[in-house]
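Engineer: Residues in the sequence shown are numbered consecutively from 1, following the numbering used here.
Among the hints, a few may not be true.
Between beta-carbon pairs, the in silico distance windows are [said to hold, decoys possible]:
id	residue 1	residue 2	range
1	210	152	37 to 45 Å
2	22	62	32 to 40 Å
3	168	212	38 to 46 Å
4	150	56	16 to 24 Å
Derived lysine-lysine pairs resembling DSS-like cross-links, with alpha carbons at most 25 Å apart [said to hold, decoys possible]:
id	residue 1	residue 2
5	134	154
6	93	158
7	273	53
8	139	55
9	53	13
10	134	158
11	99	13
12	55	109
13	158	109
14	139	154
Calculated from the structure, these hints are not laboratory results. Glycine included, each C-beta is placed from N, C-alpha and C at the ideal position.
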Amino acid sequence: MKIMYSHHPEDVKGYTTDKLRDQFLMESVFLEDSIELTYSHVDRIIYGGAMPKEKALTLSAEKELAASYFLERREMGVINIGGNGFIMLDGEKIELNSKEGIYIGRGTKEVIFQSNDPNNPAKFYINSCPAHKKYPTVKVSQDQAIARPLGDIKSMNKRTIYQFIHPDVLETCQLSMGMTVLEEGSGWNTMPCHTHERRMEVYLYFNMQEDTRVFHLMGQPTETRHIVMANEQAVLSPSWSIHSGIGTSNYTFIWGMCGENQDFDDMDFVDMKEIR
């Protein structure tokens, strides 16, 4: 588990490209028969992926958590972006097919990831944050998520936001999670951009071709930086940073948030003339 510490925006202004990528980009989210996780001190979020191929993968509490099991004091969201698979939760088998998600409440002791077909393995994308109480575990399909169409082709940002883990869908302590699908001909996400001081965010970009890229924008509105991202990579966004991107083709991304509130529309919008 890689540990990521918090960053002051004044320090980030002086980062080189390599340091920016090292401090904010998770290049390898899915590795065969492995669970890859990053632990950030930004709101204590843990994010990463589990890709079981030939064997089952058990989520364990590493020393950084100082816990007897991973979800002893945490909640977790999972969205499968690969082939069909399932999760064993304290002995209960829950199917989790492609584009299906699940919220797993605090206190679940055993979490095991498995694929149905090793030739088309599941790719379980994970977000986890601290939890003060236990809420029920709930599976959410894409059809059950709240769909919010936004944007238009003229602005190159026609997209649909699917809110999987959201107060209008289910109860959590602080975790929110969903998926945004851009239509063909669109490349911009979250533009005009915004910040939200009350919560951080992580993006996972996927459904990209090998030769396409997303230029992910971050930083303070008047001190923007960018990270060039390939398929199935994740990027951390502190609360003081914008989080937007433009792709060389359309793509899909999963967003996850935790922090002080769960009001999806609580955003500090940035006027286009302020961005530099």
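Engineer: Each hint: holds or not?
Structural biologist: Going down the list of hints, with the structure as the test:
no. : hint                     : result
1   : 210 with 152: 37 to 45 Å : violated, 29 Å
2   : 22 with 62: 32 to 40 Å   : violated, 21 Å
3   : 168 with 212: 38 to 46 Å : violated, 33 Å
4   : 150 with 56: 16 to 24 Å  : violated, 39 Å
5   : 134 with 154             : violated, 45 Å
6   : 93 with 158              : violated, 37 Å
7   : 273 with 53              : violated, 48 Å
8   : 139 with 55              : holds, 23 Å
9   : 53 with 13               : violated, 41 Å
10  : 134 with 158             : violated, 37 Å
11  : 99 with 13               : violated, 37 Å
12  : 55 with 109              : holds, 20 Å
13  : 158 with 109             : violated, 41 Å
14  : 139 with 154             : violated, 36 Å
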